[in-house]
Amino acid sequence: MKDIKTLSYAKLQELLEGIEKPGRYIDHEIGTKSCRLEELDEKSVLAALAFPDIYEVGTPNLGLQILYDIINRHRPFSAERVFAPWIDMEEAMREKGIGLFSLENRIMLDSFDLIGFSMQHELLYTNILNMLDLSGLEAEADKRSPGDPVICAGGPAAFNPAPMSSFMDFMVIGDGEEIIIPVLEKLSGCRPGKIDKERFLQDISGLEGIYIPSRYKYYYTGEGKIERIEPGSKVKKATVTDLDSHSIVTRPVIPNIKAVHDRYAVEIMRGCGRGCRFCQAGFIYRPVRSRDAAKLADQCLQGLSGTGYDEISFLSLSTSDYRGLEELINDVAGGAEGQKLSISLPSLRLDSFGLKMAELVQKGRKTGLTFAPEAGSQRMRDIINKNMTEAQIMEGIDSAFSRGWEKIKLYFMIGFPGETEEDIAGTANLINRIASRARDALPRSKRRRLNINVSINVFNPKPFTPFQWAAQEEADILEKKFKMILSGVPQKYVNISWSSIRRSRIECALSRGDDRLGKVIYDAWKAGARFDNWTDHFDLGAWTGSFKDNKTDAGFYANREYGADEILPWDNVDIGIKKRVFLAGYRKALEASRQDKAGK
Amino acid sequence: MEKKIRFKFSKTGVLKYLSHLDIINIILRAMRRAGIPAKYTEGFNPKPRVTFGPPIPLGVESQAEYADISIIGDISPQDFISAMNEKLEGKIIISDARDLPAAGIKSLMGQVDIAEYGIIVRGSNAPGKVRELAEGLVSELDMQDPVYGIEAVYTGDSPEDILLLVYGYTRTAKDRNEKVFKLRDFLQGLESALKSNDLDIKRVLKKELYILKDDKKLDPFEVLRLYV
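First to last, the protein sequences are chains H and P. If you count the first sequence from 1, position 58 lands on 58 in this note's numbering, and the numbers rise without skipping. If you count the second sequence from 1, position 140 lands on 140 in this note's numbering, and the numbers rise without skipping.
Hints are computed from structural coordinates only; laboratory data are not their basis. Keep in mind it's a predicted model, so treat the numbers as computed, not measured. We put the beta carbon where it would ideally sit given N, CA and C, even for glycine. The reader is advised that the hints may include incorrect statements.
Unchecked claim - The calculated EDC-like cross-link candidates involving lysine to aspartate or glutamate, where the alpha carbons are at most 16 angstroms apart (straight line), are:
#1 526(H) / 148(H)
#2 87(P) / 29(H)
#3 407(H) / 331(H)
#4 39(P) / 310(H)
#5 47(P) / 359(H)
#6 33(H) / 74(P)
#7 21(H) / 22(P)
#8 91(P) / 133(H)
Unchecked claim - Examples of chain H residues lying across from chain P (beta carbon under 7 angstroms, computed):
#9 22
#10 26
#11 28
#12 145
#13 146
#14 257
#15 308
Unchecked claim - Computed Cβ-Cβ distance ranges for the label pairs, DEER-style:
#16 581(H) / 47(P): 47 to 55 angstroms
#17 96(P) / 258(H): 27 to 35 angstroms
#18 72(P) / 62(H): 31 to 39 angstroms
#19 41(P) / 445(H): 39 to 47 angstroms
#20 142(P) / 445(H): 54 to 62 angstroms
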């Protein structure tokens, strides 16, 4: 057997004494696929798939499920999962001197050959550092020993690798499914004995999507902007050309405790052809790739009978654009007849086709609809390239509420480039008009059940969008805009929720940051920052202190408009869309904003 | 056709860290995997017709969990056991199952009077010390009412181990007793009493459930004979 450290059951029991939701830290789920401990030998390559959030959030993550499935279908590779321990568990672990361990075989993380972190968003960065530290590993790559596991990360936030580059041996940009096995093969080729990390990095450096931070050096000008990045070569993102060449995961791990999504999640399409100018997912996941509806339906039915889920969710960025949607719904619903299956369709457009589909899956009980106008005024929807007119919106509302829906969730953003108080008034007005149209469309007896939930988020300029140069609006102005909307909508029927402005600013700085932010993230973590995405745990002081200590300011990254000729921190990543295309989109948006003002 | 089945299952090892509700969901999903269609409730939000016995606290193992389920179709208890155990992949084990009469059966929650717990205590001269302790503990912790019985038996595994069997009244038995046996409280008291005697609790296991009939203890399967 391989020489690996594990945590004994006796120690686990001691550790879990008095811990909240101990089910987070055990395995015994249906669908686990790791090698058993006694099967591991010298040839085995052990990969830990680390999700820097709690079990309930991480387990349903589709990317994690896909990679876990692929690795474990390729022996001698074996993947195990690990999640961020909640605050109480971290305290207990530190107090008892017990390191972080995987769920399946309770292998101590520093016994793995490779640890791969999922970076879904920037507010998980401190959790990654914390998990490395709990594993007994140095967070900073250059301080780690040659015998330590290779540390890597992937996921949407990795598209700007710079902020986390000092902690990672390598990063994966783009789709992971065709990259992971070649990487593990290279790792295994650097055996037997201790892995020669330098040789390994050299071996994988040619693979598509592999970004090796130690190969890049950022130079800065006196005023703090990037002067040049060396070498000038770019890393091309990895792209799976044919989604159908990989079956969906038909035997996913089913969480034992209640997860954020307790359903069978299926990706029907990757990428989005819409081109909303604020939406990073809409660009980084291009080109649009669809699964074949007939094949997919078979796989869905297999997955449903293999998991026992009573709900299936068809995921994509724009479900209405999936060509075989009606066929897929009918095939899956028909194949599961008499089994009380419910189907959910996030990201539908609220037009006649979308409503027809929603009606198809919500037969009898109409649970709710989600709808994202994003901005209230036509002018602003043109600026952000959200292709939707007010007439279309109202038509959607009329037909939804006259067909029996009573609940709707609306998504808006504030702080877009060129946004004026009139646009904000436009958002409040639109909410008002939606509320009154919805009430009128409902029969009198049902009006008191009308429920409109409005979610308002702060606009974050993101890398690889036409708005990547734009400044995030200052906090005090954003606050004023929030208040305008709050006071401008009816109390009756409407509930408003919003994201934290101050947290959005940190998130924005991290997402547009350069490689100097590694130190800021490190110091913020040292000062106690973790679970930054959890409202109750976000510690603004830790962050502002850390920015200050490092003689920089979140505003430099968040609230500054980056120059069109400026070198951007993520310029060494190539997603297949040229910078000038984004710039043209940005200029078009600004043009739309100017023209409209002049026209008034 | 439809029928009802009563089954018994165990929840041991790390599964003790899962809540009652989690276990219910795991069993319902296994039924769907096994293709055993549950009968659903009528109404707006249909739910499978299944009832479980009294829940145990998080962190306590059990070899005596019971549930009654309504099933569409005809499946023998033996087939139910093997189909479910295959789909539960050894995580939860269904140890027994019986047909239930179509009507007239009280729910498990409304019927079970006593839960039996086995507590293994370890330490030097544990058998001797525990015998003395046990009686005193019941009165000391004011457990006289909720405890139906308590006995200490040798496990045969180790001379340092002794098994303490505790029979506690459940909520259902309230007409006999003012108080309901609370395992947590009992364990707390036991632990501190053991500590001063250099003894430790090694394992806590729910062993069986009983229904009292004419002062005889019948388990949830035995009681079914009364309905024949």
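Okay, the hints, checked on the actual structure:
1. 526(H) / 148(H): It is violated: about 22 angstroms lies between the C-alpha atoms, which goes past 16 angstroms.
2. 87(P) / 29(H): This hinted pair holds, its Cα atoms lying about 12 angstroms apart.
3. 407(H) / 331(H): Cα-Cα ~28 angstroms, so violated.
4. 39(P) / 310(H): holds, 14 angstroms
5. 47(P) / 359(H): violated, 22 angstroms
6. 33(H) / 74(P): violated, 34 angstroms
7. 21(H) / 22(P): holds, 11 angstroms
8. 91(P) / 133(H): violated, 32 angstroms
9. 22: Residue 22(H) check passes; min Cβ-Cβ to chain P is 4 angstroms, inside 7 angstroms.
10. 26: holds, 4 angstroms
11. 28: holds, 5 angstroms
12. 145: Check failed: Cβ of residue 145(H) comes no nearer than 33 angstroms to chain P, outside 7 angstroms.
13. 146: violated, 35 angstroms
14. 257: holds, 5 angstroms
15. 308: At 3 angstroms from the nearest chain P Cβ, residue 308(H) passes the 7 angstroms test, so the hint holds.
16. 581(H) / 47(P): 47 to 55 angstroms: holds, 52 angstroms
17. 96(P) / 258(H): 27 to 35 angstroms: holds, 28 angstroms
18. 72(P) / 62(H): 31 to 39 angstroms: holds, 33 angstroms
19. 41(P) / 445(H): 39 to 47 angstroms: Because 26 angstroms falls outside the window, the suggested range is violated.
20. 142(P) / 445(H): 54 to 62 angstroms: Holds, since residue 142(P) and residue 445(H) (Cβ atoms, about 56 angstroms apart) stay within the stated range.
Hints 1, 3, 5, 6, 8, 12, 13, 19, counting from the list given before, are not met by this structure.
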